[in-house]
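Make the complex out of the two chains shown on their own, each in a separate frame, by following the hints.
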Amino acid sequence: MRTTVDGAGPRVGGRESARGVPWRELAARHGALVVLLLVVAVAGAVLDGFLAPGNLNRIAVSASFLAVIALGMTFVIITGGIDLSVGTVFALGGVLAAWASRYGELALMAVPLAVCGLIGLLNGVLIARARLAPFITTLATMLGAWGLMLSVSDEGNTTYLVADGLALSALVHGKLFGVLGYPFLLVVAVFVMGGLVLRRTTVGQHVYAVGGNERTAALMGVPVARTRIAVYTFSGLCAGTAGALNAVWLGSGVTIFGIGTELQAISAVVIGGTLLTGGYGFVGSTLVGVLLLGVIQNVINAVGSLTSAFQEVVSGLFLITVVLVQRRLSRGRDPG
Amino acid sequence: MNLTLRGRPRVDREHVLLWMRDYGVYVGVALVVLFNVAFTPHFLTFENFRTQAVQVAPVLIVALGMALVIATGGIDLSVGSVMALSAAMISLYLGYGPLVAVLVAVGVGALAGAANGVLVAFAGVQAIIVTLAMMIGGRGLALVLLPQLDGVRNPDLRELGSGSFLAVPYVVWIAALLVAVVAFLVRRSVFGRRLVAVGGNRRAAELSGLPVRRVLLGVYALSGALAAVAGVLVTARLQAADPNSVGVLIELSAITAVVVGGTPLTGGRVRIAGTVAGAVLMQLLVATLIKHDLPPSWTQMAQTAVIIGAVYLARDRGRT
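Listed in order, the protein sequences are those of chains B and V. In case it helps, my numbering puts the first sequence at residues 1 to 336. In case it helps, my numbering puts the second sequence at residues 1 to 320.
None of these hints come from the bench; they were simulated from the model. Just so you know, these numbers come straight off a predicted model, no measurement behind them. Don't take each hint at face value.
Stretch by stretch, here's where chain B covers chain V in the computed footprint (C-beta under 8 Å, at least three residues) [as the list claims (entries may be wrong)]: (1) 104-110; (2) 119-127; (3) 254-266; (4) 306-314.
Sample of chain B residues facing chain V (criterion: CB under 8 Å; computed from the structure) [stated by the list, open to error]: (5) R129; (6) A130; (7) F135; (8) S169; (9) F310; (10) Q311.
Cβ coordinates follow ideal geometry from the N, Cα and C atoms, glycine included.
Chain V on its own, in the form it takes in the complex (with noise of 0.2 Å):
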């Protein structure tokens, strides 16, 4: 495998790392769904597949996001805030109709996001000082707009989270498309080529004539989009606003996805495909451990190892 890949005549050790950063979350994969095709009953049923497809697509919506701003060297820690922003703006206009709540909510994400750009590319601060704000305000703005629970009843609503088309459900598209989107922008358009030069090397970007605060801005305001879109589906999903609780430390799951998916964070690389296969990682380890009986604690040990192992392999060495 790795002779046809790199075109070498010896396979050594760095080969194997390099070999095992790049694919090994598809070989994690793999192996989970092994397991469980050999010890979990009822694994290979449609209605499990469909299951946890709608549990991880708001994850994977967020991360792809996240996949973006972590490839110009960024970080954003404010979605989960920014989709309990969204859920607000549902509950708060729903009553001009579900289309007009919908638009509303995921502009002001999107604005959120541009918010969190303009600080990074203009001002010039840090990544995560600037998402550490708008983590810590956007959650008290969106308590503040609607301070606790809200049930949402809206057939409209109800179908887009619970309904199917060709017994998929609305969900599982809709990511499935925001997947094919953000592949395209990242392989085919100008603006993903950008992005990955602005985070490999921002001073030579600069340099060349890249506009790189646009750039930073439009990846920014993009990962606030992504996330009001994953609001808004988990608020139609339960059928309630829920500021509260909603997105809480998914900025972890999502960046764990695209760690784990081999997008270094030191950017300048792009995985969309493995931060798919990250996010569906993690969540079938976290499904595979609790079909098992065993105690959230599990996961959450779990889950580190294979972020350390996912780190390990990823770490400077293996930048090119």
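Isolated chain B (complex conformation) (with noise of 0.2 Å):
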């Protein structure tokens, strides 16, 4: 799709993937793993307090809301797309759910599914249908659903807040046996879910024909626009979500959260090791990655000397190592 991946890999290319060397693929795929063990591990014996229980768990926590958009994400970028509306999407889930809260718990989770969903679907046709570039065309709609939230929100000067004393709430912050937060619970069986359907399920086949190689996928007989139209609309439905729960952890919609979210999304997707150029990834490694851009971020908070802003600097730097030590390793892999 961008003339950067069929641009031909500048040396060798493909002798070395002719010997097929497993220890490669096995990098590739659980690198991010061996990285965030060795950072945890690196952590805890640098740092006071950070392998106590209340610290990993507030990191699992925080990062449950990015994981539930990474994993919508994931099913995009496999297909060979990407999705830059799940940022104001969350936030507009957010400030929906915290608005519905008020008629309910049934209605603090079902508005915001539904119109999140709908803004996915939107993607889905205008990308499947009428064949415009994922890129521009989520642009847009990160515009649409920006402008959507302002206008729910009487231009962003109207914070809801949720309603008290909601179950939903008391589940959101509560821990099973005290220690490990529901939430990031949530996170672990969606992503079993998520892994199931894409490694055992027809939907999850038809997902990876499509990003590998779209003619082939359809002359095979693969419903391509169907499996687009169903990703989009499920990376919509898991940045609705996010949003949903993210309003009843915070008690309120907030309107600024959001900006930037598809890009700490996007990020993680990659450093997880799944290939923007489609065909190949995997939801656990998704996971993953979002823990270490939460470890990181729990490390630089707790060195006291370094600002914020610090951890975007590692963030970038990280990104950028992760994907040129990938692109050594799966050299050869990647189709065409």
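In structure tokens form, the structure reads like this:
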């Protein structure tokens, strides 16, 4: 789709893959996990209280909302697309959930899911049926979702509070055995489901096939357009769910959150080893990517002398390093 | 119109769409201007044009670089962060005099762009990822260097930001000059021909012996330098270096201007005049909605509609 991809791997290319070194495959797949364990080990050794259950739980729970968004993004990226609208859809979901909370829990979840799912559906239809480029389409709906959020929140002047005494609110703040927050357990559950769908079902095979080679997929009878529409709708639903849960977590629908979240989600997916060219990627390693970003943030916050700006520098450097290493490891596996 | 342009005896839907893709943006500008002439009081005043031109200048300058990058089939998401870096440099190096500060700022912008270029051209990483990393890391670096808003008190810089020559602000003169330079590059220089060739078919460009990597490196460096110039101008106009908020989301406005102007995201074509018209169209659209007391949420949704319309016209079928 983008010329940098089919622009041919600069140097030798195919020869290394012919030898088929398995550890390369392993490293490409589990590299993020190795780095995560290393970072956790070093941080645990150097920083007091890093390995305390409370701190680890804080990392896990605050990464949960990004993780749900990144799950949808993983599906989209495996089909070779991208979804830039998730950040503002996430914010919109939060505002809608807080607004709807006065009508009870069902409305709190149903309203944001319906609206965000529709935005995802719109993305999917524009991309799959009208054949517009995913990048620019989702960029446009990102602005649209933002506008919608502003109009719902009285041009950003009204912050809706989540109604008190909801069972959902207790659940989001609750912990299993007093240790592990329920939001993270939910994340683990949806990632397991996402992984099963992707690896074990026909739908999952279709997602890979569309990303691998659209034309071949179509010739094999894969419903390309329907698969595309499904993944963008799923991404919108994920972002809406994350937004609603985040609003419950914070107790209000914050309007300024969400800008830039799409970039974090993309970073997490790429760090996890999913190729932006499509056709290759894993759900589990996306979760590792999200946690890695969360750990970096936590470590930098813990080192008092560093401002949060350092976190951005480290995240940026990290992203590019991971991509460079992956490129080296996976050379020759790229289609074309 | 169509007949004379295409030299064909039929006017079918396909040709109308093609014509709209290339010239729709001018129709759009004309419509918005006509609407304003009819319905907006004080639209046809020199003061209003001056305000609009000053406001559109930074986006326009960034969009010029973006157009070149998109013509090579890439994208540059880091322009806003490069503006922040440039603002931080102005504040840090103002002690050596305004000229040195501006040169350092533009130099750092070009360096940041060159770093993008090296990773895209030599390491072969996708442009969207490289510039995403630079977007995140660049603003972080700017904030590390200059943690908060810093007032810039310098008479020369204030003159640059607010002064005028022949009743036209310097900011607008600079934007116009850069448009002319980039248009010249694209139309008349070897570099311009090469960058379009790289975007059209990189493999073919390599096989025919073009220095593809050097061209890509140059394009990204140029985009960085142009973003830095925009950063300098914004800083001079605000009289404050604000790495936290300068250039936030400007990459969206720039990409919008380029796409609305008829440059396809797939690369291989570039339209500088269209890009200028695209930036002006979006500026006038927003200004019109604001003048008619429509809330900001409307502007976002109107922009959405315009972008989707423009992309619909420019989709693959229209690629020539």
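Structure-based check of each hint:
1. Coverage of a stretch by a chain is defined here by at least three residues with a beta carbon nearer than 8 Å to that chain's beta carbons; for the segment 104-110 of chain V and chain B the count is 0, and the condition is violated.
2. Evaluation of the coverage hint for the segment 119-127 of chain V: fulfilled, as 8 residues show C-beta separations to chain B shorter than 8 Å, against a requirement of three.
3. Counting residues of the segment 254-266 of chain V whose CB lies closer than 8 Å to any CB of chain B gives 5, which reaches the minimum of 3, so the coverage claim holds.
4. Taking a C-beta to C-beta cut-off of 8 Å, the segment 306-314 of chain V contributes 4 residues in contact with chain B, enough for the three needed, and the coverage statement holds.
5. Taking 8 Å as the C-beta contact cut-off toward chain V, the hint placing B/R129 at the interface is violated, the least distance being around 11 Å.
6. Of the supplied interface hints, the one on B/A130 holds, with its beta-carbon coming within about 6 Å of a beta-carbon of chain V, less than 8 Å.
7. Annotation: B/F135 was flagged as interfacial toward chain V, and the flag holds, the nearest CB pair being 7 Å apart, inside 8 Å.
8. Nearest Cβ of chain V to the Cβ of B/S169: about 28 Å, over the 8 Å cut. The hint is violated.
9. Against a cut-off of 8 Å between C-beta atoms, the interface hint on B/F310 holds, since the closest Cβ of chain V lies about 6 Å away.
10. Evaluation of the B/Q311 hint against chain V yields a held restraint, the C-beta minimum of about 7 Å falling below 8 Å.
In terms of the numbered hints stated before, the structure departs from hints 1, 5 and 8, listed from lowest to highest.
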